[in-house]
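Novice: Here's the letter readout for the chains.
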Amino acid sequence: MPGSKPLARPANVIFTYDGSFPGFLCCVFESVYTHQIPLEIMVEDQPPISLMEVRRISTDQDRAERVRVSISKKISPRTLELVTTVFFTCLEEKERKLLCFLLRAYREGGGLVWRMGDPEVSALLAAEKHLLGEAHLLKGFLRFTDAGNMLVSTITPKNFVLPFLARHFTLRYDKEQFLIFDQTHKAALLYQHGQAEFLQVDNIPEPTISPQEESYQALWKRFYNTIAIEGRENHRCRMTHMPKRYWKNMLEVRDLL
Amino acid sequence: MDLMEKLTILTDSAKYDAACTSSGANRPGKTTMAGCCHSFSADGRCVTLLKVLMTNHCIYDCKYCVNNSSNDCRRATFTPEELAELTIEFYRRNYIEGLFLSSGVIRNPDYTMERIIQVMELLRHHHNFWGYIHAKTIPGASPDLIRRLGLLVDRISVNIELPSEQSLKQLAPHKTKAAILTPMKQIALESGQNRRDIAVYKAAPKFAPAGQATQMIIGASPESDYQIIRLASAMYQKYDLKRVFYSAYIPTVTDSLLPALDTKPPLLREHRLYQADWLMRKYNFGAEELLSPETPNFNPYLDPKCNWAIQNMHFFPVDVNRASEAELLRVPGIGPTSARRILVARRNGKLGMAELKRLGAVLKRAQYFILATDWPRHTRVNRELIVRALIDPNVFAFGVEQLSLFGDSPAFQLLPAAKEAETVTEAVEEAVSCLAVNL
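Line by line, the protein sequences give chains A and B.
Reading the first sequence from the start, the letters are residues 282 to 538 in the numbering used here.
Reading the second sequence from the start, the letters are residues 84 to 522 in the numbering used here.
Here chain A stands alone, though its shape is the one from the complex (with noise of 0.2 angstroms):
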């Protein structure tokens, strides 16, 4: 209902949480209760310098998941999927972005996430977008090295795509044991004996190559340097839909870097 009296208004705070989702769903409860907006949340493991109070939000289950109900219900489920998917990219400030929108988005109700022209939905779709294309994008560009027993992988992803490649891998080795390392956000996805699970990881081992590997991986460079056509070279078009910061993870191409 817009024109109605909002539910927060900013105040001269700081929140800090411990960086996962049901953490930002008790901060946003938090808001709503002491209608309060922050100036800023913030992970704990990065403490702020500043004069401001710091508030550190410790983060309730129960809390968490009467906020998740609370967006498909009184707003609607592509709400709550916009929010959830926006949460693992890498846009700036995203959980006061999120905050924001949220807090509106009781006001105005499910409407909102469709005003696609809207400058903060915008940003947020944009986001998801964003997120959703690299974890499509990686779907093909990712290479498993045959470790023995065990198929392995490594991508550097600026959003954190493993939950949205891990159906699509799931499904597609059901009968393989691989394990995927996300660099960047130093988590790994592994899938044995039909069960996945998520991992933190700070490092994995350089997986040691047989021959029988070394020949697939060189059948497979001569077969991409051959299918290429000479009269029509075009590294421009090749780097368009191939961007560069994908190369180092990539069998075929880590060379020519």
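Just so you know, the hints here were simulated from the structure itself, not pulled from any lab data.
Possibly wrong hints are sitting among the right ones.
[As the list claims (entries may be wrong)] Here are the simulated SDA-like pairs of lysine to any residue, each with C-alpha atoms no more than 25 angstroms apart in a straight line:
1. B:365 x A:418
2. B:347 x A:513
3. B:258 x B:323
4. B:433 x A:400
5. B:146 x B:350
6. A:410 x A:464
7. A:354 x B:432
Owing to the predicted nature of the structure, the values given are computational and were not obtained by experimental measurement.
Starting from the known structure of chain A, fit chain B onto it as the hints suggest.
Specialist: Below, chain B without anything else, positioned relative to chain A:
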């Protein structure tokens, strides 16, 4: 001969086939609906499938083909087991989405088809491989074999090769129009029947669920663009094709009937044909709207949609807050995605120029053709201004010499100066002044 050598020879012979998509077969985790590119080669084309020939031995003597029987090149043949294993191992490592198999003709069409089917059966039944498979049928193969192949693969295709029967007779003496169109028709009928079967009985075996496609070579024979897109549009309607691919002819063999070896491939022309193809499939344009017998070739400077818009100024301006989707799709700078977004967004608030920009419309082009809340009807806009905004910057990336290919089009007889232009800016100026007068 070891596997590495075979792979090199058979990839090298398969690379001129344009199609390499994996869209249309919907199996979770296997292929996404929109397809998935695994890499891009140095020529900027997507690498989705392991694109190879079963063999490059061939009894036919098609003039334009690298593998024709009179060409002196190295020949190799995969055994079905080798090929199946290679596919599986590449697929496991996420190098590819599946297999794209074509073949030269050994002994006779039926024998070759049986070899292809053998690979598919190995993959599907022995290795339990459910990735994407695109297979080419061999013109002249028996209907039974085509049916068997269709039940094993996701997409099946017959190449029409050349845009007219006359050229086919000249350049591919062993292939006839009938031998190409009969299987195409059979595939269309079988898929239609199969869709009805699946509606009745969900577990009915699927016949080529990703449909059929075809390819033709552009620039090896004298057909005009108008003839080509008329043919494509007829095939879309008649045979329910998913895609028609256009492949700029790259001279690989010498023959008196073909362009000389040093001819540059007509990439700009190919680009324009693809643009027109998308307009026909996704924007509801008819072939007759884009070209006519009087102007049988595309304008090199403007893409087909802009060209249509400039010649149909009476259709504009279109009010973005009221127009139907079909009308929005006619505006240069608005595509299917932004048209859909405009429809949703305007239900939740009036649209101005700022909103349109955030929705993804390209205002640089669209501004001359639309009305929005803060964008009223303009008094007669300067035609030169519009042309300048719409001129396709890509045209100069393809090289100025490509423009001379369009020399026979009446609108551009004034343009020889463009060929001599030293810089891109000069060429643009030249083009703008000519187009503004001519259109």
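Novice: All hints, please: hold or fail.
Specialist: Verification of the supplied hints:
no.	hint	result
1	B:365 x A:418	holds, 23 angstroms
2	B:347 x A:513	holds, 9 angstroms
3	B:258 x B:323	holds, 22 angstroms
4	B:433 x A:400	holds, 14 angstroms
5	B:146 x B:350	holds, 21 angstroms
6	A:410 x A:464	holds, 22 angstroms
7	A:354 x B:432	holds, 23 angstroms
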